[in-house]
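A.B. asks: Residues per chain are reported as follows:
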Amino acid sequence: MMKKAVSFLLALMLLSVSAAFADDSNSMKEDGFSTSYSYNYDYWGDVQMSPDPYRVETVIDSTTLGLENLENTRISKPQGIFVRNSDIYVVDTGNSRILQISYRNGNAELKRIIREVNGAEPATFKTPMDVFVDEEENIYIADQDNNRVLMTDKDLNVLKTFVKPTDATFNQSSAFLPTKITVDVAGRLYVLATNVNKGFMKYENDGTFTGYIGANAVKVNMADYIWKRYFMSREQRAASESFVPTEYENMYMDDKGFIYATTTVFSEYELLSDTAKPIRRLNGIGNDILIKNDRYPPIGDLDWKSESLQYGPCKMADITALKNEIYVVVDRVRGRLFGYDSQGVMLWAFGTKGSMDGTFNRAIGLEHMGYDLLVLDEMKNSITIFTPTEYGQLIYDATDAYLNGEYDYSAELWENVMKLNANYTLAFRGIGRSKLRQEKYEEAMDYFERAHAREEYGRAFKQYRKIWVEKNIWWIILILALILIVPLLIGRSKRMKWEVIMHEHGKVHK
Amino acid sequence: MNTEKFTSKSTTKTGPGRTTTWLNRYGQSLKYALHVITHPFDGFWDLIHEKKGSIAAANTFLALFLLIRVLKLIATNFQFIMAPIQHINVFEEMGSLLLPFLVLCVANWAMTTLFEGKGRFRDIYMGMCYALVPYIIIQLPMILVSNMLTFEEGSFYSVLLNFSVIWCVFLVFVGLMEIHDYGPGKTFIFLIVTVVGAGVILFLMLVFFSLLSDAFAFFVSFYREIVFRLN
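Heads up: the sequence lines are chains A and B, in that order.
For what it's worth, this note's numbering labels the leading residue of the first sequence as 1, then goes sequentially.
For what it's worth, this note's numbering labels the leading residue of the second sequence as 1, then goes sequentially.
Derived from the structure by calculation, the hints contain no laboratory data.
Cβ atoms here follow ideal geometry from the backbone N, Cα and C, with glycine treated the same way.
Treat the hints with care, as some may be off.
[What the hints assert, rightly or not] Straight-line C-alpha distance at most 30 Å; calculated DSS-like pairs for lysine-lysine:
{"hint": "1", "chain 1": "A", "residue 1": "Lys305", "chain 2": "A", "residue 2": "Lys277"}
{"hint": "2", "chain 1": "A", "residue 1": "Lys292", "chain 2": "A", "residue 2": "Lys198"}
{"hint": "3", "chain 1": "A", "residue 1": "Lys202", "chain 2": "A", "residue 2": "Lys305"}
{"hint": "4", "chain 1": "A", "residue 1": "Lys471", "chain 2": "B", "residue 2": "Lys72"}
{"hint": "5", "chain 1": "B", "residue 1": "Lys51", "chain 2": "B", "residue 2": "Lys186"}
{"hint": "6", "chain 1": "B", "residue 1": "Lys31", "chain 2": "A", "residue 2": "Lys497"}
{"hint": "7", "chain 1": "A", "residue 1": "Lys198", "chain 2": "A", "residue 2": "Lys77"}
{"hint": "8", "chain 1": "A", "residue 1": "Lys198", "chain 2": "A", "residue 2": "Lys256"}
{"hint": "9", "chain 1": "A", "residue 1": "Lys202", "chain 2": "A", "residue 2": "Lys77"}
{"hint": "10", "chain 1": "A", "residue 1": "Lys323", "chain 2": "A", "residue 2": "Lys154"}
{"hint": "11", "chain 1": "A", "residue 1": "Lys353", "chain 2": "A", "residue 2": "Lys323"}
{"hint": "12", "chain 1": "A", "residue 1": "Lys160", "chain 2": "A", "residue 2": "Lys77"}
{"hint": "13", "chain 1": "B", "residue 1": "Lys31", "chain 2": "A", "residue 2": "Lys494"}
{"hint": "14", "chain 1": "A", "residue 1": "Lys77", "chain 2": "A", "residue 2": "Lys277"}
{"hint": "15", "chain 1": "B", "residue 1": "Lys72", "chain 2": "A", "residue 2": "Lys440"}
{"hint": "16", "chain 1": "A", "residue 1": "Lys462", "chain 2": "B", "residue 2": "Lys72"}
{"hint": "17", "chain 1": "A", "residue 1": "Lys277", "chain 2": "A", "residue 2": "Lys154"}
{"hint": "18", "chain 1": "B", "residue 1": "Lys72", "chain 2": "A", "residue 2": "Lys466"}
[To be verified] So the derived list for chain A, only partly shown, Cβ under 10 Å to chain B, looks like this:
{"hint": "19", "residue": "Tyr43"}
{"hint": "20", "residue": "Asp46"}
{"hint": "21", "residue": "Tyr230"}
{"hint": "22", "residue": "Lys462"}
{"hint": "23", "residue": "Arg465"}
Let the sequences and hints guide you as you build the complete structure.
C.D. replies: So this is what it looks like as structure tokens:
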């Protein structure tokens with residue numbers, strides 16, 4: 001008996017060990033990355049191939065702009081891009097100039113080359129890094145190696161110059177090197193400057209520096225602290241890194257005046273636990289108010305191998321925010337774009353590295369024009385313009401409709417999305433919500449289960465259960481009664497039998 | 001009256017044929033689990049010393065335990081469990097419970113024999129299997145119940161689940177105490193020692209299997225070399 005049991009258990013063990021090696025990873029390369037151009041992550045964090053949400057409309061480069069014939073200077077190492085109305089502004093850093101390109105219906109035309117301004121000394125730029133244009137078409141230029149941010153009107157007459165603050169909070173021995181700029185509706189300027197780790201520098205619209213916002217909290221590791229404090233000599237301590245907060249990579253101001261910022265300085269292990277926060281949305285006092293209601297935080301790719309620089313986690317080079325708090329980030333490591341909705345749910349991901357249209361060498365800037373996306377590549381020296389496909393547009397429209405309260409129309413659109421991509425979680429959730437409103441609880445439950453929406457499933461199930469109980473109340477009472485009565489009857493009959501036996505026993509003994 | 005009741009029962013025991021006797025004993029030992037989990041101190045002692053339990057019943061409980069683990073992953077409502085159905089391998093799931101269970105039993109036996117433990121391996125295995133019974137009788141209905149609750153009512157569900165696990169742990173503790181005739185302090189120490197022992201066993205197994213695969217690889221390459229030379 002015993003031997004048999006043990007041999008059976010051993011056999012079971014061996015079986016289980018051999019079965020453990022079987023794996024079913026699809027659409028993944030050996031290094032864990034997706035092989036498909038467009039994809040999405042399902043509830044389990046697995047890559048699911050998806051239809052393309054965007055297609056390449058056109059690629060703007062020196063040739064299409066006619067720059068070779070005009071001046072014989074090709075675009076070189078562009079660093080910044082900005083869109084105002086139908087004009088694209090590209091900071092051609094390598095040539096110290098700014099290109100103003102008008103773009104309409106897939107046709108790009110060079111409008112103006114800005115290489116100097118009127119009324120500032122020096123009048124030309126030295127390593128310009130970023131440009132911003134406000135609604136009155138005043139132009140802000142981050143002129144990095146001239147240590148200034150210029151504000152000019154649309155005819156390039158200088159209105160204001162923002163320079164190094166004389167404030168004590170700014171280290172006076174280091175230079176003022178603005179890299180990224182943005183301006184809010186009140187004309188306040190926010191500057192991301194190299195070597196400044198206190199957050200964004202904030203200037204009032206009269207040019208005075210008023211402090212920093214959005215500084216990262218300094219993280220001190222207890223062990224590190226004790227080691228540095230008690231076991232290092234003063235010289236060692238001075239030579240080692242001090243505890244400094246991380247710097248930002250890029251920023252974008254949305255139409256509500258919140259700053260979307262990305263950072264690329266973090267430890268990998270902090271990503272999935274959401275302590276790294278590579279994407280943030282800062283309010284007026286610099287707190288991160290980005291909503292994260294999905295199972296995974298918005299960090300781009302969920303899988304990565306970290307052996308080399310190519311294979312690390314996503315490093316978001318730039319961010320832009322569309323309508324309805326949908327935001328898009330571009331990853332410079334693998335040249336991918338990720339779209340997220342206002343709840344932090346990934347809408348789509350696409351892109352890869354390469355030299356074809358629609359792929360990137362080193363994406364550095366991202367902007368949008370309506371729902372079109374513009375990606376600046378500093379190695380290809382080009383701007384790739386993407387237009388939503390039917391699938392991509394349906395996702396936006398469905399989100400729009402839901403936020404506008406047109407729930408049934410939204411569900412209709414989600415159903416179309418589902419026809420194009422049967423692995424799209426948001427579509428199931430959207431349809432489920434509409435079914436719930438129409439009081440089709442059983443159908444709603446089915447959709448919510450597919451979307452792994454627990455709370456919403458619970459809501460539908462509660463109603464379904466209520467109706468079910470009301471319908472079957474008599475059966476329930478009957479079954480409960482049977483459960484209570486039958487054992488009672490059995491007990492009684494047993495006792496009676498027993499008494500009969502005892503009675504007869506008694507007779508025999510007598 | 002009492003004695004007569006007993007005799008009437010015993011007459012059925014020595015009834016027709018051997019198989020019925022065995023089945024009867026098996027049934028009795030299964031039923032005895034209910035006594036063990038409600039009266040652990042008494043129950044575990046009699047389980048071993050009065051031969052109230054059987055290995056067959058113990059095997060049954062272990063098999064049921066594994067079955068319910070898998071059933072739980074498959075049939076529990078998705079609101080209460082995060083199980084990637086598409087990635088679940090039933091054998092892997094069972095093996096990942098069975099292997100530690102057996103290794104821990106072996107480790108406990110190995111350690112306690114050296115330190116005046118009264119239990120044989122058979123006793124330890126049987127006792128530990130009987131200690132799994134609360135898990136079986138609570139978790140099985142809970143699978144059904146999970147399909148009748150909403151996400152917000154989940155606390156009821158999780159409390160009962162935790163209760164079943166705590167009950168099992170308590171039974172393991174008392175069971176080992178009674179099987180080895182140890183005091184509570186000594187039992188606790190030997191629980192820790194058992195875990196360490198299990199670690200050592202796993203390490204040795206790892207070394208053994210890696211050596212085995214190396215040896216296997218050697219013979220394979222040896223064979224290939226010969227075939228290569230002969231051709």
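A.B. asks: Compare the structure with each hint and give your call.
C.D. replies: So, going through the hints one by one against the coordinates:
no., hint, result
1, Lys305(A) - Lys277(A), "holds (19 Å)"
2, Lys292(A) - Lys198(A), "holds (25 Å)"
3, Lys202(A) - Lys305(A), "violated (38 Å)"
4, Lys471(A) - Lys72(B), "holds (29 Å)"
5, Lys51(B) - Lys186(B), "holds (25 Å)"
6, Lys31(B) - Lys497(A), "holds (24 Å)"
7, Lys198(A) - Lys77(A), "holds (28 Å)"
8, Lys198(A) - Lys256(A), "holds (23 Å)"
9, Lys202(A) - Lys77(A), "holds (27 Å)"
10, Lys323(A) - Lys154(A), "holds (27 Å)"
11, Lys353(A) - Lys323(A), "holds (28 Å)"
12, Lys160(A) - Lys77(A), "holds (27 Å)"
13, Lys31(B) - Lys494(A), "holds (20 Å)"
14, Lys77(A) - Lys277(A), "holds (28 Å)"
15, Lys72(B) - Lys440(A), "holds (28 Å)"
16, Lys462(A) - Lys72(B), "holds (22 Å)"
17, Lys277(A) - Lys154(A), "violated (37 Å)"
18, Lys72(B) - Lys466(A), "holds (25 Å)"
19, Tyr43, "holds (8 Å)"
20, Asp46, "holds (8 Å)"
21, Tyr230, "violated (34 Å)"
22, Lys462, "holds (5 Å)"
23, Arg465, "holds (7 Å)"
Checked against the numbered hints above, the structure breaks hints 3, 17 and 21 and satisfies the rest.
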